[in-house]
Structures are given as C-alpha cells and as structure tokens.
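Residue numbers (our numbering), protein chains in the order written: chain A, 1 to 347; chain B, 10001 to 11054.
Misleading hints may appear alongside valid ones.
Said to hold, decoys possible - Subject to a maximum C-alpha distance of 35 Å in a straight line, what follows is the list of computed DSBU-like cross-link-like pairs (lysine-lysine):
no.: 1; chain 1: B; residue 1: 10365; chain 2: B; residue 2: 10129
no.: 2; chain 1: A; residue 1: 289; chain 2: B; residue 2: 10822
no.: 3; chain 1: B; residue 1: 10074; chain 2: B; residue 2: 10661
no.: 4; chain 1: A; residue 1: 68; chain 2: B; residue 2: 10365
no.: 5; chain 1: B; residue 1: 10539; chain 2: B; residue 2: 10661
no.: 6; chain 1: B; residue 1: 10074; chain 2: A; residue 2: 68
no.: 7; chain 1: B; residue 1: 10365; chain 2: B; residue 2: 10050
no.: 8; chain 1: A; residue 1: 106; chain 2: B; residue 2: 10565
As the list claims (entries may be wrong) - To give an idea of the chain B side of the interface with chain A (calculated C-beta under 8 Å), a few residues:
no.: 9; residue: 10569
no.: 10; residue: 10783
no.: 11; residue: 10785
no.: 12; residue: 10807
no.: 13; residue: 10873
no.: 14; residue: 10875
no.: 15; residue: 10897
Just so you know, these hints were derived from the structure itself, not from any lab. Cβ atoms here follow ideal geometry from the backbone N, Cα and C, with glycine treated the same way.
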Amino acid sequence: MHSFLSRSFKPLLIALSCVSLFSVSCNMLPDDLDALGDDTRFNTRIYSPTLGRNTLFDQNFNAGNSSKPLALSIVNIRRSNGDPAPELTNTYPVKVWKKQYTGEEKTLAEIEEKRAIEYRPAFEIQKHSGNFNMWNIGPNESIKTEPDSGYIFDVEVSNSGGRRYERGLKLKPQKARPYEPSIYHPVSGVAPNSFVFPNRMILMYSDRDMSFVNPSSVHIFFTKDVDNKAPGSTLTFSFVDSVNNYVDPMKFNQVKWEELIHGFNHRFVGKKVVYDVAYPMPLVALPTKYTTADGLKASVFFSFDRIGYAGLRDIGGVGLDFAIFEEGHWEIQFRFTEALPKFENEQ
Amino acid sequence: MKHIYTIILLLTVGFTSTLHAQMKTYTGTVKSQNNAPAEGVTIINETTKKTLGTTDRAGHFSIQAAANQVLIFKHVSLNQTTYKLSASTAPFMVVMNSNARNLDEAVVVGYQTRKKETLTGSVVTISGKDIQDIPASNFVDLLQGKVAGLNIQQNTGSPGMRGTMAIRGISNVNISGSGDNAFLTPTSPLFVIDGVPIDDNTGYEYGFQTAGPGISPISMIPTEDIQDIQVLKDAQATALYGSRGAYGVILVTTKRGNSKVPIVQYTSQFFVNTVPKLRPVIGGKGERLIRIQQILQNDSTAWAAIQRINNSPLLADSLNAYYNNSTDWQNIFYRTTINHSQNVNISGGDQAFNYKVNGGIFDEKGIIENTGFSRYSLQMNMQYMPNPKFKMLANINTTLARNSSGSGNALTQSGVGTAANTSSLLPAPSIFSASNTALSALQVSDDNKTANVVTQVELQYEPITGLRGTTTLSYNYLEANKDRFTPSMLNANNSEIYSFNDHRNKLYNRNMLSFTRSFKEKHNLLVYGFSEMEINDYKADVMQFTGTPSDQITSGLSYNSLYSKGGTLNNLSNYRSLGFAGIANYNYASKYVAEFTYRVDGTSTTGSLNPWSYNPSASIRWNFYKENWFENIDWLSFGGLRASWGKNIVPTGSIYSVYGKYVADARRYNNQPTVSLDMNTIPNIALIPQSSTQFNVALEFGLFNNMINVTYENYYKQTDQILREKKIANINAFGNVNTNETSLVNKGHEFQINYRPRMASKDWELSFNFNGAINKDVMAALPDGVRQLIDKDASVYNLSILRRLGINSLSNVLLNFEGVYKTDDEVPVNPLTGLRYRTGGAFGEGRFFRAGDPIWTDLNGDYILDENDYVIVGNSQPRVTGGFGTYTKYKNWTLQTNFSYTVKRDILNTALADRFRNYSNPAGVVAADKNPGALVPISEYDIFTSLGQDAKYPNPFDFTRNGLIDPFRYDQTLFQEDGSYLKFNSATIGYNFDRNWTKQIGITSLRMYLSAYNIYTFSKYSGPDPELVSGLGRDSSNGYPNRRSYTFGLNVQF
C-alpha cells in the first residue's frame, strides 16, 4: 500500500512542487528598504551655543522624502584647522532631567530628586531627530569660543535605504555668560559696562525731590561669591543707596518673600535676603509663577505701598527679569545711584 | 428549457397514441455519475431516431414510448447511455458517466467556444442559476465569494450601485478626493456582455465624481436573464480582450432559446429589506445631563463651567420647546421596505431559428428615505441558421432605470450621515427647524433616469468546412439624466433647479476569420485573427438655476440669473481604438496544448510617439492524466498543468493628457476674449497605455471519480506604466505633467476545491465548494526613481497615504498609539530642557501630555509630537479573500448557503473616532450652519476616567484641552483595526413541486423558495460593518448601510 501511494502520488507531488517553485523563482521585486530622500537638509548650518548653559537646537533638520526614523550621528568633528577636538567628544558630568519640573516643588531635595548626573559629551546629536544638545559642562577653558573659527563637523544620515553625509556644519560656541541680562559681549567677552538696568519701575518717587527715581540711575550688579565654599547654591538680593548703605529689604513691604523666586529657606542676613536655590534659574523654560510669561527668565518684582499725595495709596516697585546659569553663591544688588525711592507716607 | 421537448412530445405522442395503443408513459430521472441531476439530456428512440424528450432542471423526464423500446440518452458532457424499457411503467433512474466532465465543459474564450480541456488560460465559470435566488439590482454583488481571486467588497448599500471589485489585487494606486472621501481609482474588470465589451469603470466613475445618476451599466442587466458568467483572470484568457483587458475580464452570456415549443418562464420575487442594527444614542434629558456633568467636572474653573452652560441655550434653555426634545434621528432616515422583482422569459426555437424575449421589472426602495432604484428591461435575441454554413445572431436589449439618491450621491449619504449624527435635543426636521441637512435628505426631489439600448448583429459564414468568417457590429447608447429641485427653505432662500443630462454612444465592430483543422486524427489546429474597432463618445450637460419665483415653480427660468450656471462639463470625451489580433492554438490529442496570441492596439489616448501597443502572449497545457503511465491509476480522474505568460493593456488618461486642451481664457487680449492653451497640464505625446504582464501557473486535478476537484493557481501580475500626474518645477509654464512611471506587482495563490460526496441514499445530494486567494501587492516603481511617495491629506482627517518600493502599495501613515498615560509622571521628560513630551505647535501649558492622554510614540525622540512621528503601518487592501458554499438536496427540498470571507485587512474606524470626538464640545455651541453632534454611550468602552487607570481609550471628557491634544485624532493606530470578517451571505431553501402534480394545473415546473441575504457578519471589528468601508479601508459615518433582505420567490415554467 505504501509503495503504491508513493508511486502514484509522486507525479502529482512533482507537479505541485513545479507550480510552487514558480512563485519562488519570481522574485524580481525591489527590496523592502527605507527611502532616503536626496532632499534631507540641515536648515541651520552654523550653531552658536553659549557655553555654560544647556542649549537645544531644534527645527534644524528636514528629513525630506525619507522613511523615518532616520539615524543621525556626528562624525569627524574637528577644529577649524583640522585638529581633532576631544574636548567636545569627551564626556562630562551634566545634570539631566529625569522627571518633570512643575514649579510646585516644596524643597530643594524635591527638585534635585528630579535631576541626576550623567556623563555626556559636550555636544551631541539626538539620534533620530537631528536636534543638537549643547550641555552645560560648567567652566571649561578647552572649548574654543568665538572669535575663534570654532569647529567643523559632518553628520551621517542613514536608514536601511542607505546613508548620506551632510558635510561642513559649523559649531561656533560663544563665551560663557553666566547670567542674563549679561554685561559681556557674546563674541569678545568684553564687558562694556559693569551693571544692567531693571526691566520695570513703577511709581517710585525720589526721596530727595518731587521727581521719580531716574530708571537709568538704578544699576543692578550680579556678583558671585567665589570665596564662599559652602555647599549648595544661594541667591541673595540686596539694595544699596548712592553711598553704598544697605537698604532694609523689608521696606519693600508688598513682597511675598516666599514666592519671590523658586528658592527656599529665605532669610534676612544683615539687610540682605538670602535664598537656598537650585541653578540654573529658571530651572526649566516653563512658565511658572516665578518666571516671565515665556518661562525663559525668572521674574522678580520688589514692591511697596505708601500713602501718596492727596492721600492716595501708591504701589511702587522695581522689577527684573533674569537668568543665572552657573551654580554658586550669587548676589543681585540693586544700586540706587542717585536717589532712593521714597518709602514713607506723605504727610 | 429542454424539457419543453417533453411537452412537444407529450402532445405529439399523445395524439399518435390513438394509433399505437401500446404506448405507455414512462417517467424517471437521469443523474450523472456523481449523483447530480443531469439537465438537458436528450432522450432518443433508438429505432426511429426520433427525439422523445429532454430532462428538466432536476433531471426528471416523462416520455411516451412502447414497451421494450431501447432509449438513447445523450448529453454534451456525458457519455451516451442506452436503456431498454420494460413493461412496467415504474419510475426508473439512468446514470450517465461523466469522465472528466469538468474538462469537457465548453467555454467561450477570445470570442470562440472551446473545450475547457484545451484551455491554457485561467477561467472560472459561474452558472446563472447559482445567483438567481437573490434579488439584486446588480448581479456583480452576488458573485462575492464565488470566484477565487475576484475580490468584491459591498461597500455601499445604495440601490443600483455596486461595491468595489478587483481581479487579482488592485491595478492602480491613484487616489482622488481627501479625508474619508478619498477614493481609490476603480479598476474593475472589463465586462463583455454577449460578446460586446462594456467598460464599467467609466460608467462607475461619474457616480461620485460628477453629479449624474451614477447607475453602473452593469446594473442594467436583469439577473434572471443571465445564462452564465465567466471570469477570466490570467493574461492568456484575457489576451484577446487586450485593449482593455488588463484588469481582467468577466464574460456574461444571456439566455437563448433552444426549445421547439416556446417556453414561458416566470420568476417573481418579493423581498423585504431591513435596516441593519443602528447605533444606540443617548437622547433627551440623558444627553443634556451628560453634557452638563462633563462641563462641571472638566472645565478650567467652576465659574467658567457655569458660564459655559448658561451661554449654551441647548443646555440652559431647557424650557424652550425648541431645545427640549429627544429626537431619534436615525429612525427618521432609516426604514424597512417591501420590494419586488418580476421577470418573464419567453424563448423557443431550434438550431435553425431560435429566439428569446425577456422582460423584467425590478423595484427596490432603499433603506434610507428618498432613495431607491427601479429597472424596466426588455432583452431580446434571435439566431437564424438556415444552413450549417450561415448563421445570424441579433440582440436588442433595452433598459430603463430610475433611481433617487436623495441629497447624497451614488456612493455616500453625507447629508443623512451628518443629520443622523445630530444631537437629540434639536427638534425633528420641519421647515421651522434648522436641520437643513435632514430636511434636504427627505425633501429634495431627486429624479434620475438612465436609459440603455444595446443592439448587436453577428453574421457567420463558413464557405469551406473549418474556415469561418464572423462579423459583429454593436451599438450601445446610454443616456442618463438627473432632475433635482431643492426648495428655497433648504438652500438659503434660493430654490435650486439642477438638471443633468449625459449620453454615451459606443459603436463596436469585430471582424474575425477563423480556421480549424484536425489532421492525422490527433493534431488539432485552430488559427484565427480579427480586427476590432471602437468609437466611444461621451458628453454631459448641466443646468443649474438658482432662485425660481416660488417653491411651486420647479422648472423653467430663474430670476436670479447671476447665479445660474450651465454648460457642458469638462469630462467630455471622444475615444477611439483599433486593434488587430491573431491566435494560433495547437493541440496533440488534447494532451499537449500550446497557444500563442499577438495583439496590436492603438487608442486615441496613446501618445503619437508610440501609437501602437504590441501585446504577445504564450501558453501551454499538459493534460498529464492522458499519459500512459497514468492509465492504471484510477483515483485520478483528470489532471492538467498549465502555464501562461502575456501582456495586456488598458487605456488610461484622456486625449487631453496627450495633446493638451484649449480653454476659454478669463483674460483678454487686445480687449478681445481669448482662447488659450490650458497651462495646468503639459501635453505629453509619449504617453502609453497602462500595461499588465502576467505569469500564471496552474494545476488542476480531480480525484476519486471527480468527487474532489482541485484547482490551484499561482500568479505574478506586474502592472506597469500606471498614469500619474506629477508636479513639475515652477520654472515651466505648465504646472503638471502626466507620466507612466508607476509600477505595481501583485502575486499570489488561488485555490478552488469542490467536494461532492457520493451519498448512499438517492434522496440526498450534497456538495461543498471552497475557494480562496492570497494576494500580496508590492510597489515596484515610482515616478522620478524615488523610493517613496506620500499623498498628503490636507483634510481634518490627515490620513496620508504612503507608497514605498518593496512594500504594499497603499500604506497608512499614522501615529503609533501605545496606550494611555496613567499618571503625569509617566510622560517622558527631555533630559536637556526638562520639559515634558508635548504636541507640536505654539508652546502652551495645555499641550504637555498628562494622565489620561494618549501615548503616541515619539518616533524621532525630540519630545515633540509632530509630523516626524508618523509611522508607516497597515495595508488597506485585503490580503486573503474567498468564500465557500454548500448545496444540500433532500428529495424535493434544496438548501443552498453561501459565505464569503476577507482576512487581514486594516480598517480605519473613523466612525468610532467621531463618536468620541462628539464629546469634545459638551456645550454644543457650533458654527451657524452646523448642529452639535449626537452623544452615543461610550461607557461600554474602556475609557480613562481616574488617575492610575490602565485604560484602552484616552479621556474624552477633558474638552478644554481637546483642541490642543486632539486625543481622538483620526490618524492614529488606535483606530486602525483588523477588518477580517466572515460573512454569511445568503441562504436559500427551495422546494420543487412534483411534476406530475404541477402538470395537472398546466405548469411544467414550479419551484418556490425563501432566501435571506446579508445574514450575519462574524468579525472582531468594533464598527458596524467591516465591509462597509471605502476602497482605502476607511469606515466613514456617511456610508450607505447594506440591506439585509428576506425574499420569497417563485419560479414557474409553462
């Protein structure tokens, strides 16, 4: 029986295999590969981050008619004279966000819990999007800054459809400016002035005459106490008059000190107010009650009220939008170089 | 029909019985070897050579003969048998052998009748009888699941329309329209009705593209008049229909007369169309409370919530009768209808002269109000053959169809879709309420008429035996018009008269010379050649008058002539084609068959650079069971292997793509009106027709005396030179160019299995058939040598379509949905900026993802959801299609069932998305011309309602952020579902009355049956019907649902 079956079914089996063989032999089709368009482009070819802060360059790459995700990597990064640039490819400890910052954190520890230290190269590309990350690696002298010609690098764009190189992209870092508004010129690093001006002033009558305090007479100094080696970071606000006498910050009686900045444990030390803070400030470019409407800067407003002329209540104050990128013990000092605002009630 | 012989004989023999007193009435049944009734078996008296009678549909016969007479039983596909009568008149049974019956069937291919055994191409034949128990406006719908590789999806229930169909996968990847109104260019096969080609794609296209009635010419053929249908699939079978055969060919043969005494057949069907299950809706107070609750719980502040409620009369003004309703909108539109179909077929004659007249009425009211289809048809043919050398055939078929599509078009009912999706708080339609879409669906007077006249004359002359000349001339006239009146209250106080009128003329001529010769007994040669010519023109005129003096004046001139339009539509065409074909077929003792064809075609839409297309094909067949070494194998009834290769074309584009077009220019030159070249599309004289090259290999065999028949086919179909318009650089004066640069490949397997067990009892008969096709389509070439091409969809649906080389030709481009964020902490944070993952666009707090929002894959890892995060996923085309059916007979009872299935198809459930999206506007404050959407119960869905919940669907209630996040966007994999289904198409229970009894009331045969259609669809799909989706797999809310119908039918033959 068995031999009968094998003998008689054999021709049928041969026929069947002939037919199915046909389908195997007929594969002249294109392979299933990704498309890599010849219109992939970097819209921005020169990147000028400021050192000492986290900078994200986005919306800079157009994938064109390509299948996504693409894999992008920086290759052949070099100084403008062709020398290798290990200072960019070396990894440094940087603070990275692990959880979302909301502005509602109650303690410094709660903020620090959301960040962690990781080792990252100073300049890296997001693997699939082509965005560039310039990390805040702290003070670093080895990275060339403008007016140096900077660095040149290529980017390899690839997927299963092939690879392309975008050549000759430039990285021209600018010198670190640890705070904003800054007194330093971004290219030369020279400070033409030693102070900045407040962003807004309202109803501040001069204590000397009937005029308003001249806005250009209010000078604001950012200073970092490099000698203070105490752990952690602080931010101090102080106010001085034209002869460098400290003005009691409590005279700004409308300030809700605990909500002035996202700092903690505020204390008044010798006519200064000191906060324990986490830098950079603001921590994240997110609008919170401590920041400007775009979230890019911290916003403070020192206000006071008094009984003005004709018995009207005046609310006066001085405000500043600022950002500080470097950790340490910072002080922001408001100097009223001509006249102090009048805090007292009119008689 | 042949049982009419019985009647004649009964009459004649009955008369002569006075002379021959020994004549007796003998009755009996003739069956084939596999127990199937043998119809049309001629019974001959051996001594006198006189025909005594023929068997009927059930194989029964009744003759008058003398005892001891020897009878001869003859049939085309059964071996001749003799039977000697005894003295007893008890009913007896004759069994006729049917060796390789499957292969002896005669098949018409390439305008020539041939034995299936010598066929080298792929052909499937469906008998008209198999589909005639279900009343249908369009017979194509009834072929669903019956032919392997013929994929039919009934995606509209609109009466008179048909769904999409394609043989062996799609042949075109071009898309028109956008959003859920995007349509794939139809690539229906060519229909050849009694030898005259009818291209259904051109008839079909204006169903939705322009505003004509949209009745497919195929709907003009009454189902009852169909003798059989042949589906030609491969290049060899379609080779001779070359100039339009690239999408496959379906041949339809109508009935002919062949009975000496006229036969009158009457078919009557009454059917009830019922509405499928409608969706549940929350009505009245329930809806209002849900809306208020949603606002109170989710608005930004309590104050904002109360203000929002108070600002919405829909919610706050509940004492106002206008808003205090609970209207069941769906019930207003959907209805159950009672319909009927009547058909009379009168035929008679013999080989020398025969005729047929078929008159029919088909009347179906749609399950949506104000829609319906009626057909009045008269089909006539005759054949005259005074001697074996000359033959004349003539047909005249006239059909008149009327349909109404309400306010919708042939394919969709967007008016009904919108209106049925209206909040129940609004009042039912009346002239005082604002629901214009609803009212127009009900009150627009829409009257469409389509008239079709087909005439055909065929002459054959055979001066020398074997050499035959045939000439065919046919003229086809199709006229359609539409009259629509929209009352002024429905059209911004301007009544509108719309009048559409089109006509298509087609003249077709074929002259053929054929030669057939057998020599040395075993060598058979068939050679023939023909020329084929077609002239086809089409023109449509439209008048649109706005503002008649009153709603009572529904025709004539309008006072508002500024807004009145009229003229010839720009789709007018004039097409000509000319073809020459030659064929040579050789077979050696029907064992080895080889066939070659060559065809040259010129069409007016081909560029003048290469006016002719050259289409060769070659094929072989080997009937291996005839080899000597199979002689002793008795389990193999037959077996054959065949292979074919060939090329076909189909004309695409219009003559304007080739030569350009002059248009009346709006600009003036020298202050004179000008006519200038249309600068939109540059003429391209290099255009060539779309071509299809196909390899086909097949194995056919029958086992155990044909108890099991199997056909397995493997094909590779390459479609090249697909026409596509592409933009050209703006440095050119012209904007676009049409080119033939796109290619597509379909490859797949098809199998068809028939199983007919031999039953022990003669009362029982059983048969089972199963077929299926696995098709894979692959994009093979795109314009300008690119690897991928995206059709961006600019509509709110944002459903782009991607074509990439090496994968399926139509892929969806969607956001990848991975679930729902359980808590805010689950949202990823950019390590550099510390910002959460958010949607793109202007920066805003609301755009950051939160708990309850959908998790969409951030494909490029930039923590912003934008157009770079779409993935290529899904295939809108079905991968596996097929069907199966059973036939059971017990004595006079028959039961026939039919199923069809589609496996692996991705559907975008935009209807479900719409359900959730209606919750985005709880206040119900919308633009002036729109109505707030209906709320449907969504508690059955696993939606996110509380923190930490692992839900399947995002939070639909957070309406303030809805515009920023858009959690229920259409373009996401959440709504892409598997659309596999198994559909119980139909079941028919029939009863054949006993002939002896019916004869007493003067009826030759009588059959009654009950059938149900569209019975049940088994599917995991969450929408209403996985079949009711567009050709691109989109389930829109505006589709016309498929009816479920129950039929009572009667077949009477006099």
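Next item on the list: List in ascending order the numbers of the hints, as given earlier, that are violated by the structure.
Entry: The structure breaks hints 3, 4, 6, 7, 8, 9, 10, 11, 13, 14 and 15; every other hint is satisfied.
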